[in-house]
Structure formats: structure tokens, C-alpha cells
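Student: Okay, here's what each chain looks like letter by letter:
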Amino acid sequence: MVEAARRDPARFDALYRRYLAQVYSYAYYELGDHHAAEDATERVFLGALANLHRFEERAKPADGDGASTFRVWLFQIARNIVSNERRTARRRPTEPIDETTVVADPLNVEESVVRREEAGAAMRAVGRLAGDRRRALILRFVDEMSTAEIAGVLGKSEGAVRVLIHRALRNVARDLGA
Amino acid sequence: MTVLGRDAGEIDALVTDRYLDSLLAGRPRLASAEPLDEAVRLVSRRLAGELPRFHPSFRFEERLALRLAEAAAAMRLPLAAGGERGASAVPIPLRPPAPDPLGTPFDDQLGERPEGRTVLVGGAVAASLSLAGAAWLAWRRRGSPMARAARAAHQQRTRAGLRLT
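If you read the sequences in order, they're chains B and Z. In this text, residue positions in the first sequence follow my numbering: the first is 34, and each later residue adds one. In this text, residue positions in the second sequence follow my numbering: the first is 16, and each later residue adds one.
Rather than coming from a laboratory, the hints here were simulated on the basis of the structure. Hints are not guaranteed to be accurate.
[What the hints assert, rightly or not] Each pair of labels, with its calculated beta carbon distance range: (1) Z:S72 x B:A95: 39 to 49 Å; (2) Z:A88 x B:S190: 39 to 49 Å; (3) Z:A23 x B:E191: 15 to 25 Å; (4) Z:P50 x B:A37: 42 to 52 Å; (5) Z:A86 x B:E150: 40 to 50 Å; (6) Z:A23 x B:K189: 16 to 26 Å; (7) B:A37 x Z:L81: 18 to 28 Å; (8) Z:A84 x B:S190: 31 to 41 Å; (9) B:H86 x Z:L57: 38 to 48 Å; (10) B:E177 x Z:E53: 30 to 40 Å; (11) B:A47 x Z:A23: 41 to 51 Å; (12) Z:R68 x B:G164: 17 to 27 Å.
A quick note: this is a predicted structure, and the numbers were derived from the prediction, not measured. All C-beta atoms, glycine included, are put in the ideal place defined by N, C-alpha and C.
Start from the sequences, fold in the hints, and give me the full structure.
Tutor: This is the structure we're talking about:
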């Protein structure tokens with residue numbers, strides 16, 4: 034898919050459709066605002082398309098058929114753009130996202146309310162974490178990246194990312210009273 | 016430090032990482048031989064189940080898809096006009112392929128032009144072709160002010176030429 038897009042930029046659409054929700058989710062967790070997340074997502078994909086010729090595939094044949102480091106490269110762009118956006122907007126996420134953003138189940142209102150409150154509390158607890166701890170948890174739980182991928186995105190060793198995530202989880206557990 | 020060269024914090028982190036791999040793959044280990052912090056296990060299960068994923072609006076998705084398609088098309092143009100893969104020559108006929116049913120005396124002169132020319136299509140060349148095409152059309156349409164002006168200029172040039180010869 035990546036090679037096809039490098040040969041013919043019109044084929045970038047397949048990559049865009051595949052990773053749109055992941056990039057958008059990451060931006061939304063980080064920025065806490067749908068419009069800001071859309072702006073950031075747009076810049077990520079336009080930037081990726083314009084710089085696709087610079088992408089270097091680092092996956093090896095041993096990593097499996099179709100393995101690619103494109104997602105790591107794309108999220109490196111996303112991390113830079115979103116971080117700049119956070120700095121510019123000076124949004125420190127003490128209350129980044131509220132539970133009303135969690136979709137309610139119209140058939141079970143009571144359970145939906147409880148679920149929304151719990152999800153909102155979990156999201157706020159993650160949002161209160163500092164920099165890389167927060168990013169690592171979002172990438173691990175929302176985008177379901179492996180430790181190796183997160184290490185690539187954050188520019189750290191896998192061991193450092195494991196420790197980062199473990200400590201972040203203990204922080205969130207304390208915050209939520211678990 | 017342990018005999019494996021890792022400290023206790025690193026080992027805890029490694030155990031947590033393995034647990035997260037199985038949890039996110041949908042196969043959480045019920046009983047693990049590895050001592051996982053109970054608070055970490057609980058909060059991991061909670062985050063895995065409760066943190067929602069978001070999708071942008073359909074309108075945004077399609078609008079951005081369109082912008083990307085336009086950007087991709089713009090990236091392909093330089094390639095066609097002499098980028099990495101060499102120039103692409105597109106023959107553009109300068110005369111209409113069929114005779115004009117509303118032919119004018121000027122058609123005879125047009126007949127002296129070459130039948131077609133190979134032109135590299137880029138922004139500037141295409142723009143100049145458009146201008147030439149607009150002037151040519153105006154020339155042929157007798158009613159427009161531009162056509163009258165063009166014919167007057169042509170007649171003046173013709174008379175001057177006759178005087179010189």
C-alpha cells in the first residue's frame with residue numbers, strides 16, 4: 034500500500050482511510066476539541082503526502098508479510114503537529130474531554146449514564162498525566178500500538194516505554210482510587 | 016539489581032507489558048505465574064474497556080479526501096511535465112478537427128498553419144494556449160467588439176502591406 038502510494042500519489046487515499054480514525058483519536062485525546070483535532074489531522078495527512086518520498090521502510094522480511102513502519106512514521110508527524118498545537122493553544126488538559134463525548138446507548142439509558150461517567154473519569158485521569166506518559170497510554174490503549182511502535186513514535190527505547198507505561202498505569206490507578 | 020541485570024521496576028514493567036499484550040489481543044490471562052500488581056491489572060482492564068475511539072465526521076473525512084486527491088494530482092503534474100520520469104508530450108491540435116460550418120474568409124489563412132504541434136502541458140503553456148484560443152474565437156465571431164477590433168487591425172496591416180509591395 035505504501036509503495037503503491039509512493040509510485041502514484043493518487044493511491045495515498047487507501048492509507049488515509051486506513052489510518053484516519055487512529056490519527057484523529059490521538060489528536061482528539063491530546064487536544065480535547067473536535068475542531069482542533071480535525072485541523073491537526075488535516076495537517077498530518079497533507080504533511081505525510083507531501084513528504085512520502087522521505088519515508089524509509091524499516092520493516093524487515095522477518096517481521097512478517099506486509100509489515101510496515103509507515104504507522105510509526107505517520108504518528109511521528111502527528112506527535113510533532115499535535116505537540117505544537119498544544120503549545121500554541123496552551124491547553125493543559127486538566128479537564129480535556131468530558132463524558133458527553135462518549136456515545137450513549139439509547140436502549141439502556143441507566144447503564145449508558147454509568148458507562149459514560151466511568152469512561153469520562155478514565156479519560157480525564159489519562160489526560161492529567163504528564164507528556165510522554167499520557168501519549169504512551171493513548172497510543173497503547175486507544176491506537177493499540179505495540180511497545181516497539183510506541184518507542185519509535187516517542188523516540189525512546191522499548192525498555193523506557195515499558196517503564197513509562199507501567200508508571201502511568203500506577204498513576205491512573207491511584208487517581209481513580211483503584 | 017537482579018541476576019538478569021534488570022532492576023525490580025523494569026521487571027514489573029515487563030510483566031505489565033506482557034499482560035497488556037494479551038489483554039489488548041483479547042486473551043487476558045486469568046491466572047498468571049508472573050506477579051502482576053493488582054491495581055495495575057484492574058486499571059488496565061478498565062482502560063482497555065472504557066477508553067473510546069473517535070472518528071471524525073463523514074463530511075470532514077470526505078472533504079479531506081478531496082483535498083488530498085487535489086494535492087496528489089498536483090504532485091503528478093510535475094512528473095508528467097518532466098519530473099523524475101521524463102517529459103510527457105501531448106499532441107494538441109491547433110485547428111478544430113472538423114471544418115467550421117460557419118466558415119469565414121479567414122479560414123483560408125488558417126489553412127496555412129501546421130496541422131498540430133506537440134506541446135508540453137504545464138501551467139504556463141496551458142494558460143497561453145487558452146489566451147490564444149480566446150483571441151482566435153473572438154477573431155472568428157464577427158459580432159463581438161474584440162472581433163471588430165481584431166479585423167480592423169488586420170485590414171490595416173493588409174493595406175499597409177499592399178502599399179509596400
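Student: Quick one: are A37 (chain B) and L81 (chain Z) within 18 to 28 Å, going by C-beta?
Tutor: Given a distance of about 20 Å, which is inside 18 to 28 Å, the answer is holds.
Student: Taking the CB of A23 (chain Z) and the CB of K189 (chain B), does the distance hold inside 16 to 26 Å?
Tutor: 20 Å, holds
Student: Per the hint of 41 to 51 Å, is the separation of the Cβ atoms of A47 (chain B) and A23 (chain Z) within bounds?
Tutor: Roughly 46 Å apart at Cβ, these two residues keep to the hinted range, so it holds.
Student: Given a hinted range of 31 to 41 Å, is it respected by the beta-carbon distance of A84 (chain Z) and S190 (chain B)?
Tutor: Check passed, 39 Å falls within 31 to 41 Å.
Student: So the hint says 15 to 25 Å: do the beta-carbon atoms of A23 (chain Z) and E191 (chain B) match that?
Tutor: 18 Å, holds
Student: Range first: 40 to 50 Å. Now tell me if the beta carbons of A86 (chain Z) and E150 (chain B) are that far apart.
Tutor: Holds: the Cβ-Cβ distance is about 42 Å, inside 40 to 50 Å.
Student: Do the Cβ positions of R68 (chain Z) and G164 (chain B) conform to the proposed distance bound of 17 to 27 Å?
Tutor: 22 Å, holds
Student: At the C-beta level, are H86 (chain B) and L57 (chain Z) separated by a distance inside 38 to 48 Å?
Tutor: 47 Å, holds
Student: CB of S72 (chain Z) to CB of A95 (chain B), is that within 39 to 49 Å?
Tutor: Roughly 40 Å apart at Cβ, these two residues keep to the hinted range, so it holds.
Student: In this structure, is the beta-carbon distance linking E177 (chain B) and E53 (chain Z) contained in 30 to 40 Å?
Tutor: 23 Å, violated
Student: Between A88 (chain Z) and S190 (chain B), does the beta-carbon spacing fit 39 to 49 Å?
Tutor: 41 Å, holds
Student: Using the beta carbons of P50 (chain Z) and A37 (chain B), state whether their distance is inside 42 to 52 Å or not.
Tutor: Hint holds: Cβ distance 47 Å, inside 42 to 52 Å.
Checked against the numbered hints given earlier, this structure breaks only hint 10.
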